[in-house]
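Novice: Read off the chains here:
6 protein chains.
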Amino acid sequence: MRPSGRKTDQMRAVSFERGVSKHAEGSCLVKFGDTHVLCTASLEERVPPWLRNGGKGWVTAEYGMLPRSTGDRMRREATSGKQGGRTLEIQRLIGRSLRAVVDLPALGERQITVDCDVIQADGGTRTAAITGAWIALHDCLKWMEERSMVKVERVLKDHVAAVSCGIFAGQAVTDLDYLEDSSAETDANFVMTGTGGIVEIQGTAEGEPFTEEQLGQLMGLAKAAINDLVALQKSAVA
Amino acid sequence: MRPSGRKTDQMRAVSFERGVSKHAEGSCLVKFGDTHVLCTASLEERVPPWLRNGGKGWVTAEYGMLPRSTGDRMRREATSGKQGGRTLEIQRLIGRSLRAVVDLPALGERQITVDCDVIQADGGTRTAAITGAWIALHDCLKWMEERSMVKVERVLKDHVAAVSCGIFAGQAVTDLDYLEDSSAETDANFVMTGTGGIVEIQGTAEGEPFTEEQLGQLMGLAKAAINDLVALQKSAVA
Amino acid sequence: MRPSGRKTDQMRAVSFERGVSKHAEGSCLVKFGDTHVLCTASLEERVPPWLRNGGKGWVTAEYGMLPRSTGDRMRREATSGKQGGRTLEIQRLIGRSLRAVVDLPALGERQITVDCDVIQADGGTRTAAITGAWIALHDCLKWMEERSMVKVERVLKDHVAAVSCGIFAGQAVTDLDYLEDSSAETDANFVMTGTGGIVEIQGTAEGEPFTEEQLGQLMGLAKAAINDLVALQKSAVA
Amino acid sequence: MRPSGRKTDQMRAVSFERGVSKHAEGSCLVKFGDTHVLCTASLEERVPPWLRNGGKGWVTAEYGMLPRSTGDRMRREATSGKQGGRTLEIQRLIGRSLRAVVDLPALGERQITVDCDVIQADGGTRTAAITGAWIALHDCLKWMEERSMVKVERVLKDHVAAVSCGIFAGQAVTDLDYLEDSSAETDANFVMTGTGGIVEIQGTAEGEPFTEEQLGQLMGLAKAAINDLVALQKSAVA
Amino acid sequence: MRPSGRKTDQMRAVSFERGVSKHAEGSCLVKFGDTHVLCTASLEERVPPWLRNGGKGWVTAEYGMLPRSTGDRMRREATSGKQGGRTLEIQRLIGRSLRAVVDLPALGERQITVDCDVIQADGGTRTAAITGAWIALHDCLKWMEERSMVKVERVLKDHVAAVSCGIFAGQAVTDLDYLEDSSAETDANFVMTGTGGIVEIQGTAEGEPFTEEQLGQLMGLAKAAINDLVALQKSAVA
Amino acid sequence: MRPSGRKTDQMRAVSFERGVSKHAEGSCLVKFGDTHVLCTASLEERVPPWLRNGGKGWVTAEYGMLPRSTGDRMRREATSGKQGGRTLEIQRLIGRSLRAVVDLPALGERQITVDCDVIQADGGTRTAAITGAWIALHDCLKWMEERSMVKVERVLKDHVAAVSCGIFAGQAVTDLDYLEDSSAETDANFVMTGTGGIVEIQGTAEGEPFTEEQLGQLMGLAKAAINDLVALQKSAVA
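These protein sequence lines map, in sequence, to chains A, B, C, D, E and F. Sequential numbering from 1 applies to the first sequence in full-length UniProt numbering. Sequential numbering from 1 applies to the second sequence in full-length UniProt numbering. Sequential numbering from 1 applies to the third sequence in full-length UniProt numbering. Sequential numbering from 1 applies to the fourth sequence in full-length UniProt numbering. Sequential numbering from 1 applies to the fifth sequence in full-length UniProt numbering. Sequential numbering from 1 applies to the sixth sequence in full-length UniProt numbering.
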């Protein structure tokens with residue numbers, strides 16, 4: 001029933017390619033099917049002004065899409081003079097998600113910025129970005145550990161990964177691609193930790209409102225998928 | 001236990017003052033305790049470019065805060081040259097929430113813009129805004145009905161109202177005020193229709209991740225509160 | 001002759017509602033008829049960079065209009081990316097008017113920002129704003145006096161109030177409302193102190209140039225009106 | 001008593017150099033002493049959107065200062081991303097002043113933009129700009145008359161010129177230069193027509209408020225000065 | 001002598017990966033050593049306003065760098081609100097270079113935008129971008145040819161490729177990498193066609209001025225390198 | 001053959017008027033025929049942040065065109081909110097050209113900003129600007145020498161001047177004016193020192209690519225012209 005022929009609870013092929021950037025302290029090219037996001041983690045030895053001398057660090061994220069990552073070419077945000085509402089919303093979400101599993105005092109007064117740039121989009125860019133950003137962040141911390149700056153396991157408290165689930169053609173399905181996303185009745189993004197805690201849930205009825213029961217089904221699919229994603233993260237960084 | 005002395009499932013005093021604007025086709029000053037939001041609905045006889053000649057209308061929202069609606073004065077967004085990420089996120093949410101209960105073809109090729117301006121803030125401005133915006137929208141449609149432009153009940157399919165619930169001091173509570181909001185472990189906004197359908201749910205762990213069980217508790221509180229809000233809307237427009 | 005039926009030298013009903021903001025150190029909702037402006041005074045314990053270590057304070061103002069404060073909805077300045085020329089002109093005028101009656105060294109190295117936000121507009125928003133801003137400023141200083149930071153009477157040297165007068169249908173009239181303003185031949189704003197000193201006068205011929213004699217008539221009306229406004233301010237803060 | 005040794009009612013040396021631009025339809029380099037403003041009038045065969053198909057034309061102005069026209073180098077407005085409040089205020093004033101003496105329907109559906117760029121500043125740039133802009137506008141209309149597009153005397157109803165007067169060291173003086181302007185107690189700009197009508201008056205107390213009597217003295221000085229300026233305009237275009 | 005151990009006239013390893021974008025009509029990931037640029041060509045069935053109804057098409061380019069494509073993270077241009085001078089300079093150069101080999105009337109009233117996004121930078125990003133953009137443009141035209149819209153060989157008159165040469169440590173060398181670029185005495189970019197015509201030459205003395213003889217040496221190196229690049233382009237699209 | 005009747009190797013009349021600004025430390029109105037550029041050099045006793053405490057100074061340039069310096073009125077960059085790509089490109093070029101002949105450590109920790117504002121344009125504004133900017137810079141340094149701040153000959157190592165040459169109607173010609181520039185096949189700007197060193201060369205094929213031989217012809221013309229310009233600079237500052 002799904003355009004891609006996938007089963008309702010089947011994710012797309014997921015892969016992580018680590019160390020793709022010569023310059024970044026940590027980097028990962030994450031693929032959820034045809035959605036490809038390049039995540040780079042950059043370390044700076046200073047925190048934003050409002051955190052100075054507070055003894056703790058900061059993790060933040062920025063998000064962008066290459067102009068032709070999409071079916072139709074989008075206007076480059078640098079030429080329109082500002083980041084749009086969707087971009088700001090997504091990068092705030094990625095930042096919150098990462099901070100949920102980071103011990104900021106253990107990081108020390110440093111900032112890590114994870115840039116998530118969508119090279120190719122086919123739905124689910126924000127969930128792929130969060131999942132890949134965790135790898136980039138992990139590798140940045142490992143780079144720091146090799147220089148005796150931090151202990152990875154003290155700073156990074158848990159895994160974090162994300163997936164979108166939705167009601168498509170009346171059925172709850174996992175990991176919407178673009179075709180599904182653009183006609184789904186309900187679209188919900190779930191961000192969860194490796195131990196199953198919920199970090200963020202955003203569910204939106206695109207057409208008809210949804211029911212608590214449907215939300216429960218989506219949550220069930222999301223838990224299973226994120227469980228798998230965390231397992232993939234684990235083997236990626238092993 | 002709550003700073004305000006409220007019970008866990010108790011909302012703040014809610015009121016709607018209709019017709020507060022001499023100029024707007026519909027308007028409402030909504031109060032959730034000390035959170036006061038002025039909602040005005042403005043009718044235009046044209047739709048955005050991408051909807052022209054499509055035979056259907058559009059409902060959108062804008063959100064703003066007066067600089068001293070908050071405890072510390074905030075910078076005026078007009079002077080910083082752009083709306084911030086939080087503002088864009090909220091006004092997109094209000095717009096989606098209203099459109100969930102509007103039959104856009106029945107509106108005809110017209111746009112209604114609901115401006116939600118926070119006069120005074122004490123937490124929950126977005127949920128108060130959605131709840132009051134529905135009244136302003138309703139009254140704008142009524143103004144149109146009086147001019148034989150539309151039938152209210154054909155355009156406005158249902159009520160929509162919103163509330164924030166959260167985990168505060170380990171307990172699920174309804175309608176967070178600023179004091180609670182700033183130290184809540186989890187904060188979730190629920191937007192629901194008069195018939196109990198879920199339009200939007202946004203839950204965020206501020207500190208520790210939350211569990212599915214906690215989400216269920218928050219959902220239960222939200223359903224009861226929104227039920228009450230819808231009843232108040234009904235008597236307000238009766 | 002006047003659309004409102006007022007006499008040539010008759011102001012609209014004027015009222016001041018103090019303490020309307022839970023957060024601001026001073027606040028006032030001023031009404032000149034259907035023109036309603038919310039004025040809040042915010043205290044900051046620091047001055048702009050160019051005044052630092054100079055031993056004196058600063059008073060400034062910002063002005064804004066809610067999008068549907070007017071007959072047709074105006075574009076929100078935060079979305080157009082900047083404050084327009086009219087806005088900048090008005091907020092500079094309000095700031096100068098307030099500073100004319102403040103002893104900046106007696107204020108100490110602090111800044112008070114008075115935000116004047118037009119909730120509903122019916123002509124004369126800038127003159128109402130100045131008149132109400134004085135109350136908000138007064139109450140902010142009183143708040144400071146209660147905390148032994150300043151003496152009100154040492155900082156605030158005098159009252160300041162403003163009114164617009166104009167030539168409408170060939171006659172000099174006081175306190176133009178929107179209908180009059182939009183067809184007046186000449187429009188002049190007067191800002192004066194409680195002791196009758198002129199702080200600012202701005203007269204503009206909208207159609208035909210005006211004569212020195214007409215200017216004299218407008219000045220006469222303005223003096224009388226401002227005298228009344230100052231009396232109202234006095235009873236308001238008594 | 002005046003830093004320049006001028007008498008209280010003495011203007012600086014005033015000169016108009018016409019036709020200084022190879023490209024503009026009308027142009028004038030106006031000098032009020034060391035204040036030099038280049039005024040160019042540019043004709044376009046179309047009006048702003050809000051005037052289209054209304055059968056009348058438009059005259060507008062823009063104002064700018066070269067970065068080192070002033071004692072200290074100012075930041076170039078093109079690099080700060082917007083025109084400041086003072087610039088907007090001045091260019092609105094110049095436009096209003098010119099339109100006060102133009103018959104817009106007689107101009108036809110065309111726009112004339114007068115750019116006033118300050119090459120060197122020594123106080124009084126806005127009044128010099130208005131006075132010189134009238135010459136540039138006149139010459140643009142003459143250029144049009146030579147091409148049988150309009151009759152100058154039907155479009156240009158009168159002269160318009162401007163001067164600043166102020167209270168300096170306790171005395172009313174004409175045509176403030178920078179030294180006087182920066183320490184004047186009161187500064188007032190007068191814009192008047194060739195027949196003595198007042199187009200605009202803007203008086204500001206920089207320190208102490210001023211009296212009606214002082215305003216009368218300034219007005220007297222301004223009338224005499226503008227009378228002279230109009231005579232100079234007449235011989236310039238003769 | 002070169003940090004990379006290359007001979008003076010030796011380019012870095014160059015490769016073209018075609019068809020890397022699922023969405024773009026033409027795309028190429030070009031690598032000059034560690035400099036990696038993703039070029040996508042996007043077809044639109046309309047031209048910029050100033051070309052409408054002129055019967056000819058347009059080819060333009062945009063350029064960007066991912067924030068961590070460089071050794072230190074750069075600020076994202078979308079957050080700083082505008083494209084910097086260097087970016088604008090480079091994208092104008094790429095556009096001119098491509099148009100030099102395109103028959104715009106043969107393209108018809110369509111626009112092709114080639115986005116060149118630097119994934120990883122190690123010097124020479126603009127020359128790599130031009131060289132790869134030609135491939136993306138070629139493939140876009142081929143896509144159009146397959147749909148009978150154009151003939152590739154009628155629109156694309158020639159190859160175009162580019163290389164930077166410079167004086168490093170006193171010697172003329174080919175294809176500067178970042179280490180060389182940052183300490184080169186002279187840096188010159190050459191853009192040439194497949195038949196050896198010069199499209200653009202930009203030579204800059206970073207320290208001491210250079211001589212005509214040195215320019216001749218750089219030109220000689222550039223001709224040889226561009227000859228090789230064109231041969232590589234030919235085999236890539238064969 | 002040339003529209004102006006000039007010989008192929010003939011420059012337009014060139015003149016330098018020094019000391020045209022009352023305020024600037026150095027200034028020059030340079031004319032290349034009908035191209036007039038006002039250059040002012042402004043001294044500041046501080047350097048940009050990235051140079052602080054480095055013991056050396058900085059020379060930079062800004063470029064602008066008055067709106068009606070051109071045949072058709074151009075939009076003022078201050079109103080469009082940013083400097084365009086061409087402006088940024090030119091001012092970067094002027095800055096680099098001047099720095100090529102300045103000993104920055106000998107200048108001390110100070111910045112000189114040379115503003116080049118085009119009063120009237122007829123082609124070659126950037127080359128006139130560079131040539132005139134050298135005079136303004138020289139005079140600024142002389143002003144400093146008179147105050148014992150620097151020695152001119154230690155800071156200013158050489159002359160720098162510029163000219164554009166191009167292929168017009170098949171022939172290599174010197175100093176293109178607007179008519180030639182707009183139809184030239186090739187346009188090249190040369191910046192050279194008084195001792196014949198090349199500081200910058202920018203050659204662009206507007207239509208057909210050009211050959212190495214043609215580049216040699218343009219170089220020959222440029223050397224002769226710049227030789228003359230330097231001689232004129234010498235007599236101007238003698």
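Source of the hints: derived by calculation from the structure; they are not laboratory data. Any given hint could turn out to be false.
Covered stretches of chain C (chain D as the covering partner; in silico rule of three or more C-beta atoms under 8 Å from a C-beta of chain D) [what the hints assert, rightly or not]:
1) 92-103
2) 125-131
3) 200-206
Listing some non-contacts, in silico: residues in chain A with all C-beta distances to chain E over 10 Å [what the hints assert, rightly or not]:
4) Met1
5) Gly5
6) Asp9
7) Arg46
8) Gly71
9) Asp117
10) Met149
11) Ala224
Don't be surprised by glycine CBs; every beta carbon is placed ideally from N, CA and C.
Novice: Taking the hints in turn, state whether each one holds.
Specialist: Now for the hints, and whether the structure bears them out:
1. Restraint check on the region 92-103 of chain C versus chain D: 3 residues with Cβ-Cβ distances below 8 Å, three needed, restraint holds.
2. Here's how the region 125-131 of chain C fares: 0 of its residues keep a CB closer than 8 Å to some CB of chain D, so the rule of at least three is not met and the hint is violated.
3. Counting residues of the region 200-206 of chain C whose CB lies closer than 8 Å to any CB of chain D gives 6, so the stated coverage by that chain holds, three being the minimum.
4. Residue placement check: methionine 1(A) keeps its beta carbon more than 10 Å from all beta carbons of chain E (closest about 23 Å).
5. Glycine 5(A), annotated as away from the interface, keeps every beta carbon of chain E farther than 10 Å; the closest lies near 18 Å.
6. Distance check on aspartate 9(A): its Cβ is at least 25 Å (rounded) from any Cβ of chain E, clearing the 10 Å threshold; non-interface status holds.
7. The claim that arginine 46(A) lies off the interface holds: its Cβ sits roughly 12 Å from the closest Cβ of chain E, which is beyond the 10 Å cut-off.
8. Its closest Cβ contact with chain E, about 5 Å, brings glycine 71(A) to no more than 10 Å, contrary to its assignment away from the interface.
9. Not every C-beta of chain E lies more than 10 Å from that of aspartate 117(A), the closest at about 5 Å, which undercuts listing it as non-interface.
10. A cut-off of 10 Å between C-beta atoms confirms that methionine 149(A) is not in contact with chain E; the least separation is 17 Å.
11. At the 10 Å boundary, the C-beta of alanine 224(A) stays outside the reach of chain E, the nearest C-beta of that chain being 28 Å off.
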